[in-house]
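Go by the hints and put chain X onto chain E.
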Amino acid sequence: MKRSGGIVNRSNHPAYSNNLDQFAMRTVTLVREKASDPLGFNIRGGMEHFCGIYLSKVTPNMEAERLGLKESDQILSVNGIDFEDIEHNKAVKILKSNTQIQMKVRFFPYGYKKTYDKVQNANVGTPA
Amino acid sequence: MQAPAAGQRSSTPKARPGFYVLFRGPRRVSEMTAGAGGDGGMGGEVIEVQILPQDDNWGDNTTAITGNTSVRSESFQDVTIIGRDQETGVTFTCQRYAGSALCALVALFAFLSPIAMVLIPRLNVIQLKSEHLKCDSECDGLLISFSFKLLILLLGSWALFFRQPKATMPRIFIFRALVTMLIFVFTFSYWLFYVVRILENRDEVRYRSIVYFAVSLVDALLFIQYLAVILLELRHLTPQYMVKVLRSPDGESRWYNIGQLSVQRAAAWVLEKYYQDFTIYNPYLDRVPSKKKPHPSNSSFKYYDVDGNEENPESHTRAMLTASARRRDSAHNERFYEEHEYERRVRKRKARLITAAEEAFTHIKRMHDDQGQSTPMNPHEAAQSIFPSLARALQKYLRITRQQPRHTMDSILSHLAICLAHDMSPRAFLEKYLVSSPVMQNDKEHRGVQSWGLVCDQLLSRPINGGTIFQLRQADVCLLCSISHIPHFSIAEEIIHPKSNKFVLRLNSETSV
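Protein sequences appear in the order of chains E and X. Letter 26 of the first sequence, counting from 1, is numbered 26 in our numbering, and no numbers are missing. Letter 493 of the second sequence, counting from 1, is numbered 1493 in our numbering, and no numbers are missing.
Okay, chain E solo, but in the shape it has when bound:
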């Protein structure tokens, strides 16, 4: 029963959407002529930071943006190579070396926000 005074029911809120399609994994294929052409996005993260590879900036008016890549997308794999536990440099090398890139990405803003968290200390000593 709706109480008077301002608490809107969840389903009536304008931002409510139970459509989870935006979080599903999608495949994006990028082709470029030369390996030195920029792909059009920045990546962030890596195994040394205990997180996956995320897109942090997508250059506007480029192919990548038109294909639907956006900030907070996590790259799950590139050309079949798993990108969930890969070092940053290796990921960059793989992305830069191929001219045809088939990426599996998913929109994952939670993980992307975690890449901005403060650094935790590495564990020292063994617990009792």
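Calculated directly from the structure, the hints in this document are not laboratory data. Treat the hints with care, since some could be wrong.
Here are some of the chain X residues that sit facing chain E, going by a computed Cβ distance under 8 angstroms [said to hold, decoys possible]:
(1) Asn1508
(2) Glu1510
(3) Thr1511
(4) Ser1512
(5) Val1513
Some chain X residues well away from chain E (every beta-carbon gap over 12 angstroms; in silico) [unchecked claim]:
(6) Tyr1097
(7) Phe1109
(8) Arg1171
(9) Met1181
(10) Val1196
(11) Ile1230
(12) Leu1232
(13) Gln1260
(14) Ser1330
(15) Glu1338
(16) Arg1392
(17) Thr1408
(18) Asp1410
(19) Ser1414
(20) Asp1423
(21) Ala1428
Heads up, the beta-carbon is just placed ideally off N, CA and C, and yes, glycines get one too.
Showing chain X alone in chain E's frame:
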């Protein structure tokens, strides 16, 4: 003269109003309306108050209550008071020194026996042929080592054992009794052998063998002394347990590391630490002194529901619960604010006291030879001359910290005289009144004997163990000591490979691809 029987009190009540109030229990509405016939209709909470007549002429005809039945008899109370005055009686002094005296006697007997054994042949007590008494070089060497060993034994015993006993303990001190018994058994058996072997076979015995015999007794005594040092002095030095000492009326507690001791020795050890570490217990500071009188509305009235059978029980109890909870909260608040206020006042008076003392000390200067202006005074007169200027501030400070029973004016003056004589600063003089830290700071504790009562579940001469709890009592101070094991530390080596001692910069940077 006939004294009235003990326990009776005669009084005649007068109708003067006093301060007693009586709260009646809960009553039904019907009872109230039955007689009065009117006001039963008022619902809610009612308090009934009745003033009892107070007995104001108690001074005229009351009888003192004692255990006496006549003027000439003694009562049981007096007997217990006599028994309690233990600290100065002759029996107490006997008891205090009895154990040590016995051990000292046995030790003296043991010390003198080798000397006696060596001297008896020489003194012609027993008749030995003179050529048997010849002492060649080997025998001389033995005699020299014998005397030196005796000297070392004497010096060692003097260094370790010649002192006042620290505590009079209720049960026997087992290790000391053990050592004493060992000494006695050794000495006795040596004398036995001496008498049987040497005095019986006078013809074949040589003086050299007598000296050998005495030297072996001295060796045995030295080894017993070594054992005594280990048992009595060294064994309890390595800490094996932790003892928590908790003082009852004010809740102060300390933790100590203690070695392996019997319960009574551990109690003596704890008392040593108590007099050194704990603050002085001030019974007048149990309740934070507050300025204002207790507010009459703060006293906890009980609310009795006279009209209870018509109200909704849940809502009414809830109202009562919140009312009582609010009263409890305000009691906590009061405590907090009172303590805060008290600390502020103490700090204010302390600041005034320090200022007054500093000012007073500037009036006195050490007289040098060339100054001849005012009459020279000795430290005591100097103390008396500057005391009035700081007396008031000091008295106010002592009063607010409830210390004035502890310091008499004579003690303050003598302390001031000592400080002046040794060029102490005003703050150093005031330390005695500002810091109440070790119990020995209190002059009244400087008695010769302090008696404490020891309460424990297990036998007092048994060693302490984890989980042992014993209690020490004196007047209104009560120390609860609980023992726990020091945990066994398992230390394992962890190797950090030097190659893994490298560091990388972990900037979470972005790379444009």
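Each hint, compared with the structure:
no., hint, result
1, Asn1508, "5 angstroms, holds"
2, Glu1510, "4 angstroms, holds"
3, Thr1511, "5 angstroms, holds"
4, Ser1512, "5 angstroms, holds"
5, Val1513, "5 angstroms, holds"
6, Tyr1097, "52 angstroms, holds"
7, Phe1109, "57 angstroms, holds"
8, Arg1171, "41 angstroms, holds"
9, Met1181, "47 angstroms, holds"
10, Val1196, "66 angstroms, holds"
11, Ile1230, "36 angstroms, holds"
12, Leu1232, "39 angstroms, holds"
13, Gln1260, "27 angstroms, holds"
14, Ser1330, "33 angstroms, holds"
15, Glu1338, "43 angstroms, holds"
16, Arg1392, "60 angstroms, holds"
17, Thr1408, "57 angstroms, holds"
18, Asp1410, "60 angstroms, holds"
19, Ser1414, "58 angstroms, holds"
20, Asp1423, "54 angstroms, holds"
21, Ala1428, "48 angstroms, holds"
Comparing the model with each numbered hint stated earlier shows that all of them hold.
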